[in-house]
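Asker: Listed below are the residues making up each chain.
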Amino acid sequence: MEPQFDVVWPKSPRGVQRRRPATRLTSLDGARVGFVWDFMFRGEEIFPVVADALTARFPGVQIVGYDTFGNIHGPDEVALVEAMPGTLDEHSIDAVVVGNGC
Amino acid sequence: MPSVSLVCEGFERQASATARGLGFDGLPLAVLRGHVDAQTTDEMVAAVLEHTVPQVIAGLTTAIDHDALGDDEPAALDVVVRGSFDDVQRAFVERGWTDGLPVVPPTRDRVEAFIVPSGHDPWRIIGTARPSGRDITVWSVAVNGVMAGCRPDDLPVLLAIAEVFADPAYGVEHSGNTTGADALVVLNGPVIADLGFHHGAGALREGAAPNTSVGRWVRLFQRNVCGFTADEHDKGTFGNSTRVVLAEDEAALAEIGWPNVATDLGAAAGTDAVSVARINGGLIIGSVFGATPEAVLPYLADGLVRVTGWELTHVYGLGQGHYRPLLVLSPLLARVFARAGWSKADVREGLFRHARITAQRFEQYIGEWSNLTAGRRTLVDLAAHGLVPPVFAERDDPQRLVPIVTSPDHFVIAVAGDPNRANAFVMSNDGQHGWWTTKPVDRSYSADLVCRVDDRDACR
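Heads up: the sequence lines are chains V and Y, in that order.
Going left to right, the first sequence walks through residues 1 to 102 as this note's numbering numbers them.
Going left to right, the second sequence walks through residues 1 to 460 as this note's numbering numbers them.
Since the hints were derived computationally from the structure, they do not count as laboratory data.
Just so it is clear, the structure is predicted and the values come from calculations on it, not from any experiment.
Some hints could be false.
Reference excerpt, derived from the structure (chain V facing chain Y, CB under 7 Å, subset only) [said to hold, decoys possible]:
{"id": "1", "residue": "2"}
{"id": "2", "residue": "5"}
{"id": "3", "residue": "6"}
{"id": "4", "residue": "10"}
{"id": "5", "residue": "13"}
{"id": "6", "residue": "14"}
{"id": "7", "residue": "15"}
{"id": "8", "residue": "16"}
{"id": "9", "residue": "22"}
{"id": "10", "residue": "41"}
{"id": "11", "residue": "46"}
{"id": "12", "residue": "49"}
{"id": "13", "residue": "50"}
{"id": "14", "residue": "99"}
{"id": "15", "residue": "100"}
{"id": "16", "residue": "101"}
Idealized CB from N, CA, C, for every residue including glycine.
Model the full assembly from the supplied sequences, consistent with the hints where possible.
Answerer: If you want it as structure tokens, here you go:
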């Protein structure tokens, strides 16, 4: 008879609690949308295209550009990301477009 | 606050897994079709307008069905496979729980026997593994230690490495980045001799059981606990093979009066410690000829230059002063310096003077051949804004020579390998995507397990 093994799970439970996603907006009209960028992968070209497209479809949308929020993948990444909720509040942001994961 | 994340095609799975690890299951994505680095402007704009923008709008305005998202996983002590040795191997391969090699079956008895001699509480949480969001527990460290073929005596070393992974300064969450660096553990202190780690000939090759099995544990732990598999967080385009633990030749260091790597990085002299960094790659500096520091230094510096390219974005761009390459000297080469009275600091100063490239080539790496330094700024401009030291902009001649690190201290120097050969090895690190981080190895007996199981009050 071959030896039998009862083996345990090599992973570990998720300690991070699930959070309820924020309620989505009913429309982008009148919303202040912040662009948050990691300063990589042609965001300087992509975000203006997205801004123009959103503005064309939702004339009341207000875009707050990525320069307002800094480089979220640069030397100050940890501190900047930690401070981000306050920074977004400070600029009365209603929704965020963040990029680029490439 | 509602958000939507822009990701290139092929990153959807990783992005969703990362969101889950942060507690945000189902976070909306807007996909950039293809990869933006390989598209013309017209191609990119067309794809963004046609495909990405509608997903941005939907992501910010469409409700997420949070209740429909589940997470049904086993508990730590659940038996997940029951069967023969072959059954276990097959199941672990199918479920992505191995590095492709057979593992020691982690039965509960074997894992408990792995922990008990050190007295640790198996359920002590060391920290959170990112990006998976899983708990780093003594138990999870031990399960993977058993699988890797480690010994119970190795547990304090594994726990110290786990503490590195739990430290935000290290940045373990970057371990799946596309450039694919992998962790190197440098071991220092009396633990090397006490536990039989190898530091001589073949120091960076599989073969010595302690070095090999602990190095293997790094890979298994990062897969299983941190989540670096192709199904979740690993986006390494090529990746590296598992690295064995590099144990330094402490006797040679003591003989020449040089501190070891851990001491250089802040550990107390003479103590046990691990130092971990993610390494992109390396190369041999072979058959170094010369009996004086002046004779051998240019060749060593040349090796550091040759191993360095894209990594300069960690000098400025992805990082700022975050490039810290490793030079491993054989004991024989280290003695060439020491007998001439050179300290390690002297060697680093010498490397800083010699390991240089033209400013033009530097700027090509960070802003022309790659596209990671927004705005394609010159070193003169960066120096004028205090973003790199003045030594990078002493003149504006593009052919001037500039350093590859921002400070001599950023060369990490280790001593290991065949004591009688004049060779060296250089490795480029991945900046703050696995930043050099040192933790002590505590081999003292822990009363945690006794406190937990037998008499909690006695241990307060």
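Asker: Does each hint hold? Answer for all of them.
Answerer: Structure-based check of all given hints:
Evaluation of the residue 2 (chain V) hint against chain Y yields a held restraint, the C-beta minimum of about 5 Å falling below 7 Å. A hinted interface residue such as residue 5 (chain V) counts as satisfied when its beta carbon comes closer than 7 Å to some beta carbon of chain Y; here the least separation is about 4 Å, so the hint holds. Nearest Cβ of chain Y to the Cβ of residue 6 (chain V): about 4 Å, under the 7 Å cut. The hint holds. Residue-level restraint check for residue 10 (chain V) holds (minimum Cβ-Cβ distance to chain Y is 4 Å; threshold 7 Å).
Below 7 Å, beta-carbon pairs count as interface contacts, and residue 13 (chain V) has one with chain Y at about 6 Å; its hint therefore holds. The interface hint given for residue 14 (chain V) is met, as the beta carbon of that residue sits about 5 Å from the closest beta carbon of chain Y, less than 7 Å. Given the 7 Å rule on beta carbons, the hint for residue 15 (chain V) holds: about 4 Å separates it from the nearest Cβ of chain Y. Proximity of residue 16 (chain V) to chain Y holds as hinted, the smallest CB-CB distance being about 3 Å (cut-off 7 Å).
With 7 Å as the threshold, the beta carbon of residue 22 (chain V) comes within range of chain Y, its nearest partner Cβ sitting at about 5 Å, so the hint holds. The interface hint given for residue 41 (chain V) is met, as the beta carbon of that residue sits about 5 Å from the closest beta carbon of chain Y, less than 7 Å. Look at residue 46 (chain V): its Cβ gets to within about 6 Å of chain Y, closer than 7 Å, so that hint holds up. Given the 7 Å rule on beta carbons, the hint for residue 49 (chain V) holds: about 5 Å separates it from the nearest Cβ of chain Y.
Interface restraint check: residue 50 (chain V) against chain Y, minimum CB-CB distance 6 Å, threshold 7 Å, status holds. With a cut of 7 Å, the hint placing residue 99 (chain V) at the interface with chain Y holds, because the nearest CB-to-CB distance is about 3 Å. Annotation: residue 100 (chain V) was flagged as interfacial toward chain Y, and the flag holds, the nearest CB pair being 5 Å apart, inside 7 Å. Annotation: interface hint on residue 101 (chain V) holds; nearest CB of chain Y at approximately 4 Å, less than 7 Å.
In this structure, none of the earlier numbered hints is contradicted; all agree with it.
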